[in-house]
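A.B. asks: Take the sequences, apply the hints, and build the full model.
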Amino acid sequence: MRSLLLDGVSRRVWIALGVTLAVLLIAPLIVNDYLLTILILILYFAYTAQAWNIMMGFAGQLSLGHALYVGLGAYTTAALYVHFGLSPWLGLPVAVIVSALTGACIGFLAFRFRVAGVYFAILTIAFAEFARIGFDHFGWVNGSSGLFLPVANYTQSDLWNLRGKPVMFYYVLLFFTVAALALCHALLRSRAGYFWQAIREDEEAARSLGIDTFRYKMYAVVLSAGMTSVAGVFFAFYYNNLFPEQVFSISRSVELILAPVIGGVGTLIGPIVGAFLLTGLAEVIWEFLNAFGFDPPGAKQVFYGICLLFVVVLLPDGVWPPLSRALGLAERPDAPDDKPEA
Amino acid sequence: MKRHTNMTRRRLLAGAAATTTFLAAPTIVRAQGGALKVGVLLPRSGVQASIGQDCQRGADLSVSLLKSLGYPDITLMNADTETNVDVARTRAEKLIADGAQLLVGAFDSGQSTAIAQVAEQKGIPFVINIAAAPPITEQGYKFVFRNFPTAPMILGDAFANQKELFEAAGAAPKTVVFMHVNDTFGMAMKGGIGAVMPKFNMPYQIVEQISYDPAARDLSVELAKAKATGAEALMVVSRLNDAILLTREMVKQRWSPMAVLSMGPGWYEDQYLKTLGKLADGPLSFVPWFDPNKKLSKQLEAALAKAHPDINLNTNHVYTFEALLVAADAFKRAKSTDPKALADAIRATDITDNVSPGPGIKFDAKGQNDKLKDSAIQNRGGKLVTVAPKVAANAKVEWPMKPYDKR
Amino acid sequence: MPAEIYLNVAVSGLLTGLVYGLMALGLSVIFGVVRVVNFAHGEMMTLAMYLAVVLFSAFKLDPLLMMVPIAAVLFVLGYALQMGLINPFITRPEHSQFMLLVAIAIILVNGLLIVFGPDARSVQTSYAYDSFAVGPLIVDATKTYAGLAAIAVAAALFAFFRFAPLGKAIRACADNYTGALVVGLDVKRLYALTFGLGAACVGAAGAMLVLIIDVTPQLGPAYTLLAFVIVITGGLGSMPGALVGGVLIGMTEAMAGLLFTPSAKSMFAFAILVLVLLFRPQGILGKQLS
Chain A
523 MRSLLLDGVS RRVWIALGVT LAVLLIAPLI VNDYLLTILI LILYFAYTAQ AWNIMMGFAG
583 QLSLGHALYV GLGAYTTAAL YVHFGLSPWL GLPVAVIVSA LTGACIGFLA FRFRVAGVYF
643 AILTIAFAEF ARIGFDHFGW VNGSSGLFLP VANYTQSDLW NLRGKPVMFY YVLLFFTVAA
703 LALCHALLRS RAGYFWQAIR EDEEAARSLG IDTFRYKMYA VVLSAGMTSV AGVFFAFYYN
763 NLFPEQVFSI SRSVELILAP VIGGVGTLIG PIVGAFLLTG LAEVIWEFLN AFGFDPPGAK
823 QVFYGICLLF VVVLLPDGVW PPLSRALGLA ERPDAPDDKP EA
Chain B
1066 MKRHTNMTRR RLLAGAAATT TFLAAPTIVR AQGGALKVGV LLPRSGVQAS IGQDCQRGAD
1126 LSVSLLKSLG YPDITLMNAD TETNVDVART RAEKLIADGA QLLVGAFDSG QSTAIAQVAE
1186 QKGIPFVINI AAAPPITEQG YKFVFRNFPT APMILGDAFA NQKELFEAAG AAPKTVVFMH
1246 VNDTFGMAMK GGIGAVMPKF NMPYQIVEQI SYDPAARDLS VELAKAKATG AEALMVVSRL
1306 NDAILLTREM VKQRWSPMAV LSMGPGWYED QYLKTLGKLA DGPLSFVPWF DPNKKLSKQL
1366 EAALAKAHPD INLNTNHVYT FEALLVAADA FKRAKSTDPK ALADAIRATD ITDNVSPGPG
1426 IKFDAKGQND KLKDSAIQNR GGKLVTVAPK VAANAKVEWP MKPYDKR
Chain C
1326 MPAEIYLNVA VSGLLTGLVY GLMALGLSVI FGVVRVVNFA HGEMMTLAMY LAVVLFSAFK
1386 LDPLLMMVPI AAVLFVLGYA LQMGLINPFI TRPEHSQFML LVAIAIILVN GLLIVFGPDA
1446 RSVQTSYAYD SFAVGPLIVD ATKTYAGLAA IAVAAALFAF FRFAPLGKAI RACADNYTGA
1506 LVVGLDVKRL YALTFGLGAA CVGAAGAMLV LIIDVTPQLG PAYTLLAFVI VITGGLGSMP
1566 GALVGGVLIG MTEAMAGLLF TPSAKSMFAF AILVLVLLFR PQGILGKQLS
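Protein chains in written order, with my numbering: chain A, 523 to 864; chain B, 1066 to 1472; chain C, 1326 to 1615.
These are calculated hints, taken from the structure and not from any lab test.
Certain hints may be false.
[Claimed, not checked] Below, computed lysine to aspartate or glutamate pairings styled on DMTMM-like, alpha-carbon distance capped at 20 Å: (1) Lys1187/B <-> Asp555/A; (2) Lys1448/B <-> Asp1444/C; (3) Lys687/A <-> Glu1185/B; (4) Lys1102/B <-> Asp555/A.
C.D. replies: Right, here's the structure in full:
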C-alpha cells in the first residue's frame, strides 16, 4: 500500500503538491467569502472530475450521465436526513451503496450486452434522464416540488450534521479531493490500474492477454459511481435544496466532464487543473466583460465556449500534459498515462 | 518543443494577468455618493432567460421611478444567475464582496434558496421578487423577505375570485379538467388544490387531472385527453410555451371550453398575446397582479410604456418593482446603508402606496407578506383587464369565452 | 374514453414522429459516414428555425417553401464546420469530439440568445390552425404537410446515396476508409459533403418544425437528445432506421401519454432506447456491429 502511494513521484512533484496543499489549507484565512465560494466550486468540480476520470480516463468507458450518481448521493442522504434525522456521515455509506449498485446495474447490462463507445455514452445519458423523470414523480422526496433541507442552525458549524458555514464545507471537500487524488494515484499503480489502461488502449488485446475485462470494467464503474455520489452529499447539504430538474439534468453531467477533458483525461493532476482553470475562467470572463460594460446575457457563455474550443483544438490531450512538461512536473516520462494517444 | 514552451509561457503570463484582475476585483470601488447598492440577481440566460430579462425590465425602470416618488437614490448592481444554483450562489457572494448592501431576486425557488443562505450568513437583507415555493419562508431565516404569495395563497384567491366571477356572469361550469405542468410550481399548486378547494364549496367538480412534462414538445395527446373528458371548462397551471401549445391544440382539435381558468403564468404574457393574436382573447388568469386603480400602478404602467411601448405591465415587472420599493422604503426609514439597520427597517415595513392588490406591503414574523391579494385578469384585444376582485377591477368579465372557430 | 381518441392520437404520433425522424436523419447520415456524433445537432436545428422565422417575418416567405434554401445554408455551414474544425477530430477519441461539439453548442445557444433574445419566436402562416376532419378523425394540417415533406426529403436523400455517383462514393468511403483512399477518393471533401448533407437535413427539419413549435435559444439540447434516442433506436447510420425510429418514438410517447400519465411519457421513450441497446444494440434497422 505504502509503495502504491509513494512510488513514481519525483521530489519536484512532492514539493509542488506540498506547496499547493499548504496554500489551499491556509487559503480560507486569507481570501474573502466570494473567493472561498469559488474555491469550494473548484474543489467540487476537481473531486467529481477525478471520480469521472477513473471510469473514462483509466478504464476508457465514456460516461455522459454522471449527474445520475451525484443526484442519487444527494437525494439519498438528504432524504434520510429530512425523514429520519440521520447524519449525512451515516447516510453517506447508504448513498455510496445506492450509487454503486446503480452503476453496477448499468455496467452489467451494458458490458454483458457488449454496449460500447458512443452507444455506452448514450446509455448513461438515458439512465440519467430516466432518473430525472422518475424523481419528478417520486413522492417520498417531494417529486418536482423539490426537497428542502432545514437550515435553522446556520451560525455554528455542526460537522456531524454538515450544517454550517462555507469554510467547513471547504475543508470537507479539500479532504475528499486530496483523498481522491491519493486513491487515484494508488489505483493507477495497482494491478487494476494497469488492467484498466490495457482495456482503455485495446480491449480485444487485453482480453486475449487473459484479463477479465468485464470484471475490471465493472470495478471502474462501481468505484466511479460510488465516489461521485459523495459529491452529491456535499451538493445537498451545501445548497440545501434539490430539484430533479436541477441535479439530474444533462447540463449537469456535461459540467462534470468539462474539467477532466480540459485538464487531461487519464492523468492524475489534469482533472484538478481543469477544475481550477474552468471555474476561474468563468469568473475572469465575467469580470472582464463587466469591466468593459459589455454583458448582454449569454456573452459570458459565448466566450467560455470559444475558450473551450481553443483548448480542445490546440491541446488534444488537455492542458496538463504540456503544462506539466513545461513546469518539469511530468508524471514520469514513461508512465503509461502520460503518453499522448495515437 | 521550444515553440511549445514559449507558447505555454505566454499562456501562463496571460493567466497571471487575468488572476491579478481576479484577485484585485473585489477592491474596485463602485460606490456612488450615498446611494443604496442593491444587488439584483435574475436568471437572464439559460432556460429561464425570458422571464429573467422581463423581471430586469421592471428593475431597470424602478430606479428613476422611485427617485421621482421621493425615495432616496438606489444603485442597481445586476448579475445573471444563468438559471443555475451554483452561479446564483457565487454571484450573490460576488455582489456582496463588491459592496451590495441588499439583494433582490431571483424568480426561481431553487436559486432563491441558494441566495437566501448567503444573505443569511452575511446578514444582508434579501428581498425575493418572485418564488412561490412555501418552504422558503418556513426556514426561520431572519434576513429573507418575500413579497409574493405562496402557492396556497394563490389558490385561495383564485377560488374566491372565480366564485365572484361566476356570480357576476350568472353561470358556472359544472365540470372542469385540470391540466398542470409537472414542475415545482405546478406540483405546489396541485398539492394545494386538495387542501384548499373544499373550503370554497366550488360549483364544479374536477373530472380529471392531467400532468405533463415542463419540457413537453407536443401537447396534442394531453389536450386530446382533456377534450375527451367532456369537461365544460379547462383549469390549468402552465408556463408560457405550453400555454401557447395548448391553445393551438384547442383550435386545431376544435374544442372550445366555456372558460380557461389559468392559475399561473403563460396565458396573459405578452408573448402569448402576440403569438396568438385574436385567438389569445378570453382566458382568465388568477394570478398575483397589480391593482389598476392604485395611483402607483398608473405611474408604473406609464414608466413601462415609456421605456417599452410594446410591452404590457405584468407580474414580473410589478413584483420586481415592489421588491425594490421595499428596499428603497427601508433605506429611507433606516437612513443608513448598514444591512442590519436595513433588515430592521424592512421588518417594520408598512407601505400602503403600492402596486399589488390588497392593503399593502407588510411582513409577518417569517418575512412573508401574507396580506397580498391576487387578481383575476382577462385577455381582451391584446390588452389585459382586471375583472376581480371588485375593489381592484377595471372591467366586467366576458363569459363564456368566444368559441375559437367563431373568431 | 371514446374509441376515436386512440386513432386521433396514433395519427398525431405518427406525423410528429416523421418530423422527428427527419431531424434525426441528419445525425444518422453524419455518424454513418464520418463516425462523429454531432452533439450540437439540436442547436443547429434551432439555428435553422431562426432562419425560417427571420425569412418569414422580413419577407413573408413560407417556411415550407424556404425549406430548400434553409437546407442549402445549413449545408454550407455544415461543410465549413467539417472542413475547418471537425476534420482533425475524426481520429481523436470520442470524449474529445464530444467536447468540441459541446463547445460549438454552447456558442450557438448563447449566440442565438444575444442576437434574438430569450422570447419564443414563431411564424404565423395562414394554415397554422387548420385541421382536416375525416369522420371522427381530426388531422392537424401543418403536421401533415411536415410529415409528407419529411418523407419526400428522406426519399430524395435515399435516392442520392443509392443512385448518384457522389452518393455512391460517400458510401464507399463509409464502408471502407482505407479502400476509399486507395482508389483515390478525396475523403476529406467527401466527409465535408456528408456533414453538409446531414446539416441540410436538420435544416429542412427545422424549417418544418417551426410550423409546429415556437423556437427559443434553449430549444437545442432537448432535441439533440431526442435525435440520439431516435437514431439509436432505429439504427445509427441507417437512413430508413431514423424514420422508423422517429415514428416508433413519436407513437410510443403519444400512446404512453394517453394510457399513462403524460408527464412521464418520455420515460417510455428512454425505456425503448434501453431495451433496444440491450437486445439489438445496432438498432432496429442497423447493420450488425463489427
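A.B. asks: A separate judgement is required for each hint: does it hold in the structure or not?
C.D. replies: Verification of the hints:
no.	hint	verdict
1	Lys1187/B <-> Asp555/A	holds, 9 Å
2	Lys1448/B <-> Asp1444/C	holds, 19 Å
3	Lys687/A <-> Glu1185/B	holds, 11 Å
4	Lys1102/B <-> Asp555/A	holds, 19 Å
Going down the numbered hints, you'll see the structure goes against none, and every one checks out.
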